[in-house]
Amino acid sequence: MTMQSSSQNNPEENSLPVGRKKILIVDDDPLILSILSSILSENHYEVETAGNGNQALATINDSFHLLLSDFQMPEMNGLELIKVLRKSGKDIPIVILTGNQEISVALDALKLGANEYVIKDENIAETVLTAISNALERKMLLDQNTRLIDNLMKAKDAAERANEAKSDFLAKMSHDLKTPLNAILGYTQLMTTDSDEPLGEESIESLNQIFKAGNHLLELINDILDLSAIEAGKLKVVIEKIDLISVIQESLILIRPTSEKQNIKIIDETKGHESLYVLADSLRLKQVLLNLLSNGIKYNSLKGTLTLSLTTDGSQVRIDIRDTGPGILEEKMNTLFEKFNRLGAEKTKIEGTGIGLNICQNLIELMSGSLSVKSELGKGSCFSTSIPISIKGRNDQDLSSKNIERLNILYINPEDEVVETLKNIMMPRPFIKLSIAENSQEGLKLASIQNPKLIFLGLSSDNQADLGVIEKLKNNPETAGIPLVTFVKKDEGTELTNLDKLFDTLTFPINSIKLLSTIESALEI
Numbered sequence: 001m002t003m004q005s006s007s008q009n010n011p012e013e014n015s016l017p018v019g020r021k022k023i024l025i026v027d028d029d030p031l032i033l034s035i036l037s038s039i040l041s042e043n044h045y046e047v048e049t050a051g052n053g054n055q056a057l058a059t060i061n062d063s064f065h066l067l068l069s070d071f072q073m074p075e076m077n078g079l080e081l082i083k084v085l086r087k088s089g090k091d092i093p094i095v096i097l098t099g100n101q102e103i104s105v106a107l108d109a110l111k112l113g114a115n116e117y118v119i120k121d122e123n124i125a126e127t128v129l130t131a132i133s134n135a136l137e138r139k140m141l142l143d144q145n146t147r148l149i150d151n152l153m154k155a156k157d158a159a160e161r162a163n164e165a166k167s168d169f170l171a172k173m174s175h176d177l178k179t180p181l182n183a184i185l186g187y188t189q190l191m192t193t194d195s196d197e198p199l200g201e202e203s204i205e206s207l208n209q210i211f212k213a214g215n216h217l218l219e220l221i222n223d224i225l226d227l228s229a230i231e232a233g234k235l236k237v238v239i240e241k242i243d244l245i246s247v248i249q250e251s252l253i254l255i256r257p258t259s260e261k262q263n264i265k266i267i268d269e270t271k272g273h274e275s276l277y278v279l280a281d282s283l284r285l286k287q288v289l290l291n292l293l294s295n296g297i298k299y300n301s302l303k304g305t306l307t308l309s310l311t312t313d314g315s316q317v318r319i320d321i322r323d324t325g326p327g328i329l330e331e332k333m334n335t336l337f338e339k340f341n342r343l344g345a346e347k348t349k350i351e352g353t354g355i356g357l358n359i360c361q362n363l364i365e366l367m368s369g370s371l372s373v374k375s376e377l378g379k380g381s382c383f384s385t386s387i388p389i390s391i392k393g394r395n396d397q398d399l400s401s402k403n404i405e406r407l408n409i410l411y412i413n414p415e416d417e418v419v420e421t422l423k424n425i426m427m428p429r430p431f432i433k434l435s436i437a438e439n440s441q442e443g444l445k446l447a448s449i450q451n452p453k454l455i456f457l458g459l460s461s462d463n464q465a466d467l468g469v470i471e472k473l474k475n476n477p478e479t480a481g482i483p484l485v486t487f488v489k490k491d492e493g494t495e496l497t498n499l500d501k502l503f504d505t506l507t508f509p510i511n512s513i514k515l516l517s518t519i520e521s522a523l524e525i
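With this note's numbering applied, the sequence shown corresponds to residues 1 to 525, in that order.
I should point out that these hints are in silico values taken from the structure, not numbers from a laboratory.
Below are the DSS-like pairs computed for lysine-lysine, each with C-alpha atoms no more than 27 Å apart in a straight line:
no.: 1; residue 1: LYS139; residue 2: LYS120
no.: 2; residue 1: LYS514; residue 2: LYS474
no.: 3; residue 1: LYS303; residue 2: LYS286
no.: 4; residue 1: LYS236; residue 2: LYS178
no.: 5; residue 1: LYS303; residue 2: LYS212
no.: 6; residue 1: LYS298; residue 2: LYS261
no.: 7; residue 1: LYS286; residue 2: LYS271
no.: 8; residue 1: LYS489; residue 2: LYS474
no.: 9; residue 1: LYS241; residue 2: LYS423
no.: 10; residue 1: LYS286; residue 2: LYS265
no.: 11; residue 1: LYS261; residue 2: LYS271
no.: 12; residue 1: LYS303; residue 2: LYS332
no.: 13; residue 1: LYS139; residue 2: LYS111
no.: 14; residue 1: LYS453; residue 2: LYS474
Throw the hints in and build the complete structure from the sequences for me.
If you want it as structure tokens, here you go:
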């Protein structure tokens with residue numbers, strides 16, 4: 001093969017405009033070294049050469065910007081040279097030269113860490129310059145990205161430190177304000193109700209205004225304390241099994257005097273509902289409901305109504321609080337949950353801090369729930385709170401604790417429909433983990449390794465294979481005591497003779513409530 005040096009290549013097109021780049025050429029053929037050196041020098045690269053891999057290792061240092069190496073060399077070939085360089089931690093761009101037309105050679109080089117490869121042919125001058133330019137440009141972009149990420153991480157750390165300092169300051173300041181404020185409120189109440197030295201109506205009215213303003217300030221301080229704790233990641237919730245209906249009724253009792261004073265009618269569609277247990281923090285859930293109910297009263301229309309209702313899908317319950325107020329402009333919906341954003345209400349006489357909804361959203365998310373809103377101008381708004389339904393028997397236990405035992409469920413021979421239903425059930429229940437085994441062989445292996453608390457088995461039309469899996473699970477001492485539940489399609493007519501070995505059999509279509517009940521019974525939770 002004959003290689004010719006070309007001076008027709010435009011240096012502007014084949015080199016980076018950031019000064020001369022230093023390249024080490026490695027080849028055991030002096031003629032090729034000479035030709036390549038000439039090509040690169042003519043295109044404004046600084047060049048040094050080495051006759052083999054060992055010489056290259058002795059020569060290369062941080063001053064070089066790129067390595068151009070032959071593939072086939074004595075003592076140490078190009079692949080071995082790449083291995084040594086990458087193992088030593090050097091990230092210098094590497095371009096491999098090969099006379100071999102086999103693509104496998106190039107792939108091997110790229111897998112080991114080469115950046116480009118060039119086949120030696122009559123166009124080598126053009127292809128080698130293009131390969132070098134591409135490799136150097138990628139290295140430059142990679143270095144820029146690395147520096148950018150490093151700077152972003154430093155900025156993020158600085159912002160987090162500043163935010164933590166701000167939260168600590170707000171928390172300390174708020175605590176310092178609460179003590180004298182509580183004293184002011186206490187003495188105001190005492191003066192208002194003092195029967196020994198009763199005050200005149202005008203004085204009592206003035207004290208009531210002081211008490212009202214003080215209460216508003218206390219609410220603001222409490223909100224700031226909550227917000228500071230949330231931002232610092234220090235606000236904790238105690239997740240336990242609670243009666244949602246009781247929490248709702250308690251909240252309505254507390255808010256009813258305000259609604260009557262504002263002439264807002266509350267329609268309670270949850271009244272008379274049977275007990276419904278959810279996983280939540282009772283105190284914080286009540287705080288959320290009171291905030292949403294209070295907003296529904298404050299921003300309602302004159303003599304409006306406030307309707308409270310709930311629905312459930314078997315895994316979560318949704319509480320809807322619907323008002324008959326003026327509604328919210330669509331363009332303002334995206335900023336509704338932002339801190340200190342009252343959407344223009346600060347220009348009205350309606351009291352508020354602008355952080356209540358943000359706190360509510362964070363509290364609900366800490367309880368593995370969600371808070372959303374729908375609104376229509378002229379008709380009102382509906383705030384919806386979704387929280388997980390409780391699995392029975394988890395009374396007085398903090399399910400958010402890291403010490404709680406993970407309940408592992410294994411599903412063998414899965415069906416997409418069942419997997420989706422199981423995921424929906426387990427999403428709000430972080431203490432349950434679902435493992436999937438795509439076939440019986442994998443399932444038997446995982447059952448022995450993981451020791452799950454419950455096994456689901458998808459049955460097929462092959463009765464003998466299904467019986468074999470069940471027999472192996474029940475005859476293995478490690479898995480014999482694990483509850484086994486099977487899923488079967490009615491139209492396949494699957495019949496099993498040893499149903500006494502099964503905990504339960506569920507048929508398609510799968511009912512989510514029945515499935516949840518089966519999980520509760522099998523896991524004894």
